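S.K.: Residues per chain are reported as follows:
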Amino acid sequence: MPEVNLFAHIRCWLDERFGWAEMAAPLKKKTVPVHKLSYWYFFGGITLFLFGVQVCTGILLLLYYRPSAGEAFESVQYIMTRVQFGWLIRSIHSWAANLMILMAFLHMFSVLFLRAYRKPRELTWVSGMILLFLALGFGFSGYLLPWNTLAFFATKVGTEITGQVPIVGHRMMIFLRGGEDVTGATLTRFFGFHVALLPGLATVLILLHLALVQKFGISVPPSVETRWKTEPESIRQRKFFPNFFLRELMAWYIALGVLGALAAIYPWGLGTKADLFAPAPAGIRPEWYFLFMFQTLKLIPPKVIFLDGEVLGILLFGLAGAVWILLPFIDNGRRQFGRRIVLSAGVFAFSYIVALTIYGYAAK
Amino acid sequence: MEILLGGGLFTSAASFLYPILRYLVPPSVPNLGGDDMVACKVGEMRPNGSKIFRFGTRPALLLLTAEGEYRALSAVCTHLGCTVQYRPDLHAIWCACHNGMYDLNGRNVSGPPPRPLDQFQVHLRGDEIVVSRKHGA
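Sequence lines, in order, name chains A and B. The opening position of the first sequence corresponds to residue 1 in this note's numbering, with each subsequent residue numbered one higher. The opening position of the second sequence corresponds to residue 1001 in this note's numbering, with each subsequent residue numbered one higher.
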């Protein structure tokens, strides 16, 4: 078979120059634990796959998109109505963004409830959390780019929230907006964040996250770990390459199928062009992943003791985010108490996010 | 020697970083002609109606009450900066973003807004309705 010979020849060529066989050796030795909860391992990989989809479709959208207040809406309209399959590329980009954040949330909660953040994987959790915040930043900055009414008010509220942070808030708001108000200058900045700054940071963080996963291997849930210690004959491992890798590819293929179906059956709308001097339309709400915070800010009274309601809300969410990043250091394995705190925090956060999101959609 | 080397490196890094940090802060835009504005003409609005107009760099709301009185207020919600609107069915000013409600004097009456809306003065100049900032506002 000449193809096989060619492939072997290329491998030999690479091996002579770069020590390919030596570099690929750890990959051949790598294994993945097999147990009844193994399927949760796929969600991180699916998130990575969707990030790849975002990079590819984002590059395609860049061929036609124009980042200015006068042209942004019209250029997206042009992509969706004139460019062949433009509607599909844009719809896939929007759907993949939402699915990526959903998968990242599922991955995070699975890591939390399976206690995969335990020593020595604390920094894997921290890097993952920063990646989740970057993903939310991608969502927030990308939402404005079509320059439609919903996006305009979501950005107005979102950046105003930043402005409420004590001491540095106003400066941060000016930096984000490119001025006192949300204008074309904000669009240009958000475009820069969305296509240059955030992708650069995310790429570095993804490489670090994967390197940490590679370094420490894949975590086994504590219950399985205990059983494997007492009954070593029950240990089951699967080779990463090709066994797990091919299964992961199947999961990616299913994700691609779901994504394609959603994008084609429910194409993403564009709405109306942003008018800087029009009132906020009725029924305005942010993307689902910000809805629990939006709904909370709606419910907090104007004044709580001496603090403005929104300042209190922002301080509480900021504090919760900081504690969330540090959860592995609270449950450091030395005390049963720490484990209970983390588990309770996980159950509370999950229930709170789900309940407030549903309430946000149901409320007028 | 170490102090000299360290100090040199520090000042060198600061001389690179300072212009970048200054560059990130956008220059302030002067608010030209925003203190006095023609909002509309007499007879253009119906009683129990409203109009949003540009006042300086921000939106403002002109109301014509059912009694025929003109009132002008900032249209920027004091909660998180959304643009408010007049609801003729409720005889109130409403913010769609977080369901904040103000009365026709701009007082926050329900929902999360922490402060009243800024009030402006309304004058009649010929057949034009002119809105201006209150002194000290």
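Hints in this document: simulated from the structure, not taken from any laboratory. Only a predicted model underlies this, so the values are computations on that prediction, with no experimental measurement involved. Where hints are given, some of them may not hold.
Here are the simulated SDA-like cross-link-like pairs (lysine to any residue), alpha carbons at most 20 Å apart as the crow flies [unchecked claim]:
1. K303/A with E1069/B
2. K1051/B with D275/A
3. K1051/B with K303/A
4. K303/A with F1016/B
5. K30/A with F277/A
6. K1041/B with F277/A
7. K1051/B with W268/A
S.K.: Hints first: check each against the structure and report whether it holds.
M.R.: Hints, one by one, checked against the model:
no. : hint                : in the structure
1   : K303/A with E1069/B : violated (32 Å)
2   : K1051/B with D275/A : holds (14 Å)
3   : K1051/B with K303/A : violated (30 Å)
4   : K303/A with F1016/B : violated (44 Å)
5   : K30/A with F277/A   : violated (59 Å)
6   : K1041/B with F277/A : holds (19 Å)
7   : K1051/B with W268/A : violated (32 Å)
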